[in-house]
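A.B. asks: Sequence:
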Amino acid sequence: MATISDITVSAAINSLSALAFLLAFAIFRLQPINDRIYFPKWYIKGIRENPSTSGPLVKKFVNLDVRMYIRILNWVPAALKMPELELIDHAGLDSAVYIRIYLLGLKIFVPIAILAFCVLLPVNYTGGNFSRSSVIMKDLAYGEIDKFSISNVPPASKRLAAHIVMAYVFSFWTCYILYKEYKIVTDMRLHFLASQSRRPDQFTVLVRNVPPDPDESVSEHVEHFFCVNHPDQYLVHKVVYNANKLANMVDRKKDLHNRLIYYSNKFERRPSKRPTTKSGFWGLWGKKIDAIDYYTEEIEKLSKEEIAERERVIADPKAVVPAAFVSFRSRWGAAICAQTQQTKNPTRWITDWAPEPRDVYWNNLAIPFLQLNLRKLVMAVAFFGLTFCFMFPIAFVQTLANIEYIGKVLPFLKPLIYKDSVKSFIQGFLPGMVLKIFLLVLPMILMEMSKIEGYVAVSALEARSAGKYHLFLLVNVFLGSIITGTALQQLQKFLNQSPSEIPKTVGVSIPMKATFFITYIMVDGWAGVAAEIFRMVPLILYHLKNVFLVKTEKDRDEAMDPGSLAWPITEPRLQLYFLLGLVYSTVTPILLPFIITFFAFAYLVFRHQIINVYNQKYESAASFWPDVHRRILIGLVISQITLLGLLSTKEAENSTPILLALPFLTFWFHRYCKNRFESAFRKFPLQDAMIKDTLERATEPQLDLKAYLKDAYIHPVFKGGEVELQEFDEEDDDFHIVATKRTSRKGSQVGTQEGSPDDMTGIFAV
Numbered sequence: 029m030a031t032i033s034d035i036t037v038s039a040a041i042n043s044l045s046a047l048a049f050l051l052a053f054a055i056f057r058l059q060p061i062n063d064r065i066y067f068p069k070w071y072i073k074g075i076r077e078n079p080s081t082s083g084p085l086v087k088k089f090v091n092l093d094v095r096m097y098i099r100i101l102n103w104v105p106a107a108l109k110m111p112e113l114e115l116i117d118h119a120g121l122d123s124a125v126y127i128r129i130y131l132l133g134l135k136i137f138v139p140i141a142i143l144a145f146c147v148l149l150p151v152n153y154t155g156g157n158f159s160r161s162s163v164i165m166k167d168l169a170y171g172e173i174d175k176f177s178i179s180n181v182p183p184a185s186k187r188l189a190a191h192i193v194m195a196y197v198f199s200f201w202t203c204y205i206l207y208k209e210y211k212i213v214t215d216m217r218l219h220f221l222a223s224q225s226r227r228p229d230q231f232t233v234l235v236r237n238v239p240p241d242p243d244e245s246v247s248e249h250v251e252h253f254f255c256v257n258h259p260d261q262y263l264v265h266k267v268v269y270n271a272n273k274l275a276n277m278v279d280r281k282k283d284l285h286n287r288l289i290y291y292s293n294k295f296e297r298r299p300s301k302r303p304t305t306k307s308g309f310w311g312l313w314g315k316k317i318d319a320i321d322y323y324t325e326e327i328e329k330l331s332k333e334e335i336a337e338r339e340r341v342i343a344d345p346k347a348v349v350p351a352a353f354v355s356f357r358s359r360w361g362a363a364i365c366a367q368t369q370q371t372k373n374p375t376r377w378i379t380d381w382a383p384e385p386r387d388v389y390w391n392n393l394a395i396p397f398l399q400l401n402l403r404k405l406v407m408a409v410a411f412f413g414l415t416f417c418f419m420f421p422i423a424f425v426q427t428l429a430n431i432e433y434i435g436k437v438l439p440f441l442k443p444l445i446y447k448d449s450v451k452s453f454i455q456g457f458l459p460g461m462v463l464k465i466f467l468l469v470l471p472m473i474l475m476e477m478s479k480i481e482g483y484v485a486v487s488a489l490e491a492r493s494a495g496k497y498h499l500f501l502l503v504n505v506f507l508g509s510i511i512t513g514t515a516l517q518q519l520q521k522f523l524n525q526s527p528s529e530i531p532k533t534v535g536v537s538i539p540m541k542a543t544f545f546i547t548y549i550m551v552d553g554w555a556g557v558a559a560e561i562f563r564m565v566p567l568i569l570y571h572l573k574n575v576f577l578v579k580t581e582k583d584r585d586e587a588m589d590p591g592s593l594a595w596p597i598t599e600p601r602l603q604l605y606f607l608l609g610l611v612y613s614t615v616t617p618i619l620l621p622f623i624i625t626f627f628a629f630a631y632l633v634f635r636h637q638i639i640n641v642y643n644q645k646y647e648s649a650a651s652f653w654p655d656v657h658r659r660i661l662i663g664l665v666i667s668q669i670t671l672l673g674l675l676s677t678k679e680a681e682n683s684t685p686i687l688l689a690l691p692f693l694t695f696w697f698h699r700y701c702k703n704r705f706e707s708a709f710r711k712f713p714l715q716d717a718m719i720k721d722t723l724e725r726a727t728e729p730q731l732d733l734k735a736y737l738k739d740a741y742i743h744p745v746f747k748g749g750e751v752e753l754q755e756f757d758e759e760d761d762d763f764h765i766v767a768t769k770r771t772s773r774k775g776s777q778v779g780t781q782e783g784s785p786d787d788m789t790g791i792f793a794v
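Residue numbers (our numbering): 29 to 794.
I should point out that these hints are in silico values taken from the structure, not numbers from a laboratory. Check before you lean on any hint, since a few could be wrong.
Claimed, not checked - Pairwise CB distance ranges (calculated):
#	residue 1	residue 2	range
1	Arg226	Lys329	51 to 59 angstroms
2	Ser43	Pro182	33 to 41 angstroms
3	Cys417	Val575	34 to 42 angstroms
4	Lys208	Thr684	44 to 52 angstroms
5	Ser43	Lys301	48 to 56 angstroms
6	Ile669	Lys208	20 to 28 angstroms
7	Met472	Thr684	41 to 49 angstroms
8	Asn574	Phe145	37 to 45 angstroms
9	Lys208	Asp344	23 to 31 angstroms
10	Phe420	Leu134	17 to 25 angstroms
11	Lys372	Asn682	51 to 59 angstroms
12	Val193	Ser223	43 to 51 angstroms
As the list claims (entries may be wrong) - In silico SDA-like links for lysine to any residue, alpha-carbon gap of 20 angstroms or less:
#	residue 1	residue 2
13	Lys208	Ser651
14	Lys73	Asn62
15	Lys186	Ser245
16	Lys186	Val197
Virtual Cβ for every residue (Gly too), placed ideally from N, Cα, C.
Between the sequences and the hints, there should be enough to build the whole structure, so can you do that?
C.D. replies: Following this line, the structure appears as structure tokens:
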């Protein structure tokens with residue numbers, strides 16, 4: 029069991045690590061050679077230029093201005109100075125609302141911590157149950173930290189009433205803050221959408237599962253359907269091509285081009301020797317050949333294949349996916365189409381808001397719509413298996429956290445285990461570090477699983493991946509750490525006691541896991557956040573590219589990697605801190621200062637990164653907030669159920685009806701907020717759409733909307749290509765007959781069997 033000295037060692041190691049990263053960042057950011065690493069966002073906006081390097085050669089690499097080093101911490105007030113409205117204009121609403129999650133953590137936990145330290149900490153510490161429990165449960169070890177937990181309160185004690193009252197106070201306070209924040213973010217979203225400049229996705233819907241037609245192509249079928257069913261609003265459409273093979277060719281060509289640049293630069297530095305490579309896989313083996321000639325030939329050959337593949341995709345009707353991006357004359361028309369059912373068969377002509385063009389994940393548009401449910405089922409089973417498999421490394425981490433108990437099984441380790449310095453390092457630092465290493469690869473696996481599920485927007489992929497990661501952290505890191513830790517810690521007792529006593533043993537052990545979570549918070553939330561601002565990996569990669577690949581200023585711009593918020597990783601990690609804070613606020617409140625430190629430090633760091641570094645790949649107008657709200661409430665319910673179980677082990681069964689009301693009240697609060705606010709994040713109000721359309725017509729009467737939308741949703745591999753995509757544009761006449769190639773189908777079983785409206789497109793005048 030980790031002791032206060034173990035926690036102190038962990039705090040010292042992680043604090044020093046965080047200070048080292050911060051000091052390195054403060055120095056490295058001042059050097060001219062690193063300017064694009066620590067301020068890439070300003071370069072992307074075209075506001076910042078390379079620092080002046082006139083004078084001695086050393087000034088190109090090192091900042092010689094001593095005054096800059098005196099003001100080495102001036103980045104802190106600079107990160108806090110930008111007002112929220114300016115931050116939204118600078119970085120987008122997604123980034124501004126993301127920062128508010130850290131503020132939300134401070135708003136919730138600072139008052140809770142004050143109350144808990146004033147009320148619960150004295151109640152727990154003076155409980156006097158520590159020695160009594162040690163006698164009754166001889167195999168159960170306690171540490172000094174446990175004196176501050178509910179474990180030190182005797183069974184059936186009147187002191188437990190303080191925990192019950194505080195549970196209600198903490199729950200009501202959390203719900204109150206969540207309600208206020210939900211309302212603020214909703215108002216921010218509606219204001220942002222109302223004031224946002226014109227974007228293609230405001231006028232466009234994505235229609236999927238277009239039914240096949242024997243007489244017309246997908247493009248003609250889409251055109252006629254929307255001409256008939258949206259005659260006043262339909263403007264133009266783009267069908268979707270299965271160009272995944274072509275996209276792979278483009279990516280491969282880009283990789284070959286980078287290799288050619290590398291070897292060309294190498295040859296320029298040493299003209300006397302032609303660079304060589306090997307003809308095998310990645311140049312690792314095979315016959316030696318001239319690298320420049322080889323990659324030049326490969327690029328030329330691939331360019332011809334690329335042109336041929338592009339022509340094949342355009343000419344092949346089978347390459348057209350039964351989906352299209354359909355644009356309308358107004359936002360109002362697009363909102364009507366995106367938010368309504370198009371036919372009596374809800375599985376056909378499925379419409380939804382189109383992602384903004386940079387948010388589209390083109391590879392998944394080629395997946396048949398009917399496969400999506402099967403893919404989701406398969407990935408659900410795979411995710412269950414992945415979660416189960418990760419129980420083994422979690423159990424290993426918990427073994428490190430309780431290593432003295434392993435000493436009972438492996439006595440030869442005792443000389444190592446009971447050395448104070450080694451024991452403090454292993455128990456106070458190593459478990460959290462090992463767990464963080466195990467969790468590094470997980471988000472990449474979850475993202476690939478989300479891609480297999482078939483989501484067509486990057487934002488949807490990240491939201492789905494974040495949901496999986498949150499569930500994984502909940503099951504494995506939180507519940508798994510408690511269960512596996514308990515099993516290892518009290519193995520003998522588990523084997524010998526009656527089944528009815530197991531819940532009591534587990535319940536008593538829950539507060540004792542606070543020491544492990546404290547070490548994890550310090551590793552991940554202190555040192556990990558400080559490492560984020562230092563940007564070690566982008567720093568190394570940029571300078572490697574700068575040495576081997578960069579030839580022009582454009583190359584230098586492409587070499588810098590601004591990164592993004594990494595929503596699938598950072599948001600679930602945030603939720604774990606909310607969960608730990610809510611669960612342990614009434615159980616072991618001494619954990620709360622560590623969580624508050626994380627929220628405050630992370631708020632400062634990520635605000636700086638959003639202002640100066642990150643460049644978001646898309647803008648969803650904070651559509652993720654309902655997920656954030658729901659997951660915090662899940663953590664709140666878990667904290668209430670956890671306390672309920674703990675009190676049942678404390679012979680306080682009479683408190684069960686009192687506490688049982690809390691989860692139901694929390695669920696009612698969730699339903700209320702969902703009905704009150706969530707529609708603003710899922711639908712676009714028709715009133716707001718009409719207002720924006722009216723203002724736009726008044727201020728820009730000559731706007732050519734068709735020209736603006738014409739190429740917005742072209743697959744990136746077709747942009748700038750030599751082959752023109754087939755288009756079907758409608759004339760602007762107010763009244764015309766919709767032409768059709770269909771023959772009479774009366775009495776025929778060809779086509780749709782339900783007599784859907786699209787069967788009649790050749791008859792109706794519009």
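A.B. asks: Run every hint past the structure and note whether it holds.
C.D. replies: Hint-by-hint comparison with the structure:
| no. | hint | result |
| --- | --- | --- |
| 1 | Arg226 <-> Lys329: 51 to 59 angstroms | 43 angstroms, violated |
| 2 | Ser43 <-> Pro182: 33 to 41 angstroms | 36 angstroms, holds |
| 3 | Cys417 <-> Val575: 34 to 42 angstroms | 41 angstroms, holds |
| 4 | Lys208 <-> Thr684: 44 to 52 angstroms | 31 angstroms, violated |
| 5 | Ser43 <-> Lys301: 48 to 56 angstroms | 51 angstroms, holds |
| 6 | Ile669 <-> Lys208: 20 to 28 angstroms | 25 angstroms, holds |
| 7 | Met472 <-> Thr684: 41 to 49 angstroms | 43 angstroms, holds |
| 8 | Asn574 <-> Phe145: 37 to 45 angstroms | 51 angstroms, violated |
| 9 | Lys208 <-> Asp344: 23 to 31 angstroms | 56 angstroms, violated |
| 10 | Phe420 <-> Leu134: 17 to 25 angstroms | 36 angstroms, violated |
| 11 | Lys372 <-> Asn682: 51 to 59 angstroms | 57 angstroms, holds |
| 12 | Val193 <-> Ser223: 43 to 51 angstroms | 45 angstroms, holds |
| 13 | Lys208 <-> Ser651 | 17 angstroms, holds |
| 14 | Lys73 <-> Asn62 | 18 angstroms, holds |
| 15 | Lys186 <-> Ser245 | 77 angstroms, violated |
| 16 | Lys186 <-> Val197 | 18 angstroms, holds |
Violated hints, listed in ascending order, are 1, 4, 8, 9, 10, 15; each of the other numbered hints is respected by the structure.
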